[in-house]
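K.L.:
Spelled out from the first residue to the last, the chains are:
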Amino acid sequence: MTTLTDVAAPAPDPVPLRRAPRDHRGSWIPTGGMIATRFMELRKRRGLMIALIVVNIGIPTLFLVIRLLAHAFAPKSYGPAGGYDIYTSLVAGVMYVFGFIVAATLGCTAGSVDLTEGMFRHLVVTGRSRLSLYLARIPAGLAIVVPLVAIGFTIVCAVCVFAAPTTLNYDGANLPAGLSLAGFETWAWDHPGQAICDLPYQAPITTSIQCGPNGPVSSNGPNGPNGGVIVKGTPPPAVVAPTPATNREQAVKIARQDYADYRVHFLYPSNSLMIKSGLWLELEAVIGFIVGLGLGSLLGQRTVAVILMIVLEVILTPIVSTHVIPHLVNLERGVVGLATAHLEPGGLPFAFGGGGGGGPGGRSLLVPESTTVAVCVIVAWLVGWTALGAWRMMTRDA
Amino acid sequence: MATESQWAVETHGLTKRFGPNVAVNGVELLVPRGCAFGYLGPNGAGKTTLIRVLLGLTHADAGTMSLLGCSVPRHRAEALARVGAIVDEPRFHGHLTGRQNLQVLAAAREPAARDRVGPALERVGILHRADDRVSKYSMGMRQRLGVAACLIGDPQLLILDEPMNGLDPAGMHEMRDMILSLVAEGRTVVLSSHLLDEVQRTCDAVAIVDRGSVIRQGPISELLAGASLVLQVECSEPDRARSLLDATALGAQIEVGEPGLGISLPAGTPRDVIAEINRILVEGGISVYRLEEIQASLESWFLQVTSRLGDSE
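In order, the protein sequence lines correspond to chains A and B. The opening position of the first sequence corresponds to residue 1 in this note's numbering, with each subsequent residue numbered one higher. The opening position of the second sequence corresponds to residue 1 in this note's numbering, with each subsequent residue numbered one higher.
These are calculated hints, taken from the structure and not from any lab test. Here the structure is a predicted model, which means the values were calculated and not measured. Just so you know, even glycine gets a beta-carbon here, dropped at the ideal spot from N, CA and C. Mixed in with the good hints, there may be bad ones.
Claimed, not checked - Have a look at the derived ranges for each label pair, beta carbon to beta carbon:
id	chain 1	residue 1	chain 2	residue 2	range
1	A	58	B	74	31 to 41 Å
2	B	114	A	329	49 to 59 Å
3	A	58	B	122	48 to 58 Å
4	A	275	B	18	35 to 45 Å
5	A	29	B	74	18 to 28 Å
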């Protein structure tokens, strides 16, 4: 039973109703203050920040420092710390995967902690649009992820450029980098022994030369079947002994055939490649953060969301990238990791170890996909997960 | 849009179900503006659920409601711009300081809220710990921080769910004074609590909720006026005194206890009856040492009301 008689109490005169402040509280656009405080909230998570810095900056830095020290103390045993090969390995391997995981972890954290730590209720009670509360997390999180990836990448670039080798080691032959075709032929003319012994050649060699400790340096040398002396090539029957001229002609032929492969080997990465690689890594990190944010918000907890993101990046994507399932090709194309790999800059090995999406001599990705489709897949993932995360936040009981 | 309503909170037929359970059952609640209003009920009565519905933390299944004259959820943002609330146990980001937590909340409010962070911390008495991490705060300090979070919006309506939890006696005293000062400023405070003594000292009006429904509401003085009158009589020969009074037609329930007699008279009994009881005892040769009218407390009335309801069922 409810009685409603004489409810009004003898109270002091209430203040007249003031208008609600004009702050566009119902707007879905987050304010600068919301983004700044959200950034502060994430940045102050000391443990998380240390873990992210260690993974994304510390591990590549430690690897390069060890290589620098090893080269400094034993330069004959250990090559230079930097260079093109180290760069491609780090960028397409460690930084690509770790950058994604770091960004996803931060995204999952940003998407779930308000709920798990009880702040979501306080924020909703302010009357601020739940959508704007969600959207404020995106620039705040990216303001952490993007510089973090950039710092790690800059360190890698700096070491790879400034500690690069002075000569190119191409299939075991030490030679200058960046030669034109004529220059490469000239080098082969001048160094027929190295060219014939070390450079690959897809045709019968029409001369004979001794490779090994007493001849031109060969990669096979000390371990060769003739106790370190290898005779490469078979002299034509009519020829008693190859002359220097025939050797030089053969060396030039080999150089001409190998030039296409040689010209994509560098001492250190070009500026163009570094810029493209940097943007590609940032794209991967942005995807990791946005998807993690949506997943964290959807699930309402961090741990499971982070595990799912790691499974996606480390297990699911590599499997899908190397196995074509005939009836599920379109589904495979929809995996964001493959779409990102399609946008990988030429010059890097394929991110999942498949060997050269656009890189030197590598095979193509197994699942064919146009750039347009890849871009569409990435946009769909970004928009889709943002919509899912925002929807859950807007409909969730606080 | 806000209208000049005399009610700070107004609900009609408000209902919230969780599956087959009805947590809030057709609640009709009217909270006058500019007063401290107690919202009382036993555990599981639906107090917090009603508050969550009012604040838009969860949706209602039926009914209408308005806060400060703004229909909710239609004008929710406008209404909540003038409302501050603590719901359940106040929890914050433990790795941030108290001040930083309030800055996060102030950023979601109007720009002027940022300037109120310091004064709010000072008002609730934790300014000296404002730059410590919340993970180091005691429960009582978190309660105070929760109240500070309400104050940064300069609210006209405060909804405080069990704000006394975790406070020591001195803290409860300070909280009571603060609530009274807020009311003195013309704000409305809705206080949900099971500490009936505190509510009686603090609030002007109350609503009793049980099993999702409001069963009584009104000013405390009027509600208690409907409670039975209890007299404590200290006298000689209590058993004979009881026999003398039983022989009259006063309609009193009499119990013999350690200090004397406990006499319960029906609600609305005129005060002349007290003099009549004294006269009967004295004329019967009973020495009356002390005769005291015991004021009915909110607690005894609350138990009376809820037990009466239980009996009727």
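K.L.:
Against this structure, judge whether each hint is valid.
P.N.:
Status of the hints after comparison with the structure:
Range check, residue 58 of chain A to residue 74 of chain B: Cβ separation about 52 Å, and the 31 to 41 Å hint is violated. Range check, residue 114 of chain B to residue 329 of chain A: Cβ separation about 54 Å, and the 49 to 59 Å hint holds. As the Cβ distance of residue 58 of chain A to residue 122 of chain B is approximately 43 Å, the hint placing it in 48 to 58 Å is violated. Separated by about 56 Å at the C-beta atoms, residue 275 of chain A and residue 18 of chain B break the suggested range of 35 to 45 Å.
Checked against the hint of 18 to 28 Å, the pair residue 29 of chain A and residue 74 of chain B passes, with Cβ atoms roughly 21 Å apart.
Hints 1, 3 and 4 from the earlier list are contradicted by this structure; the remaining hints agree with it.
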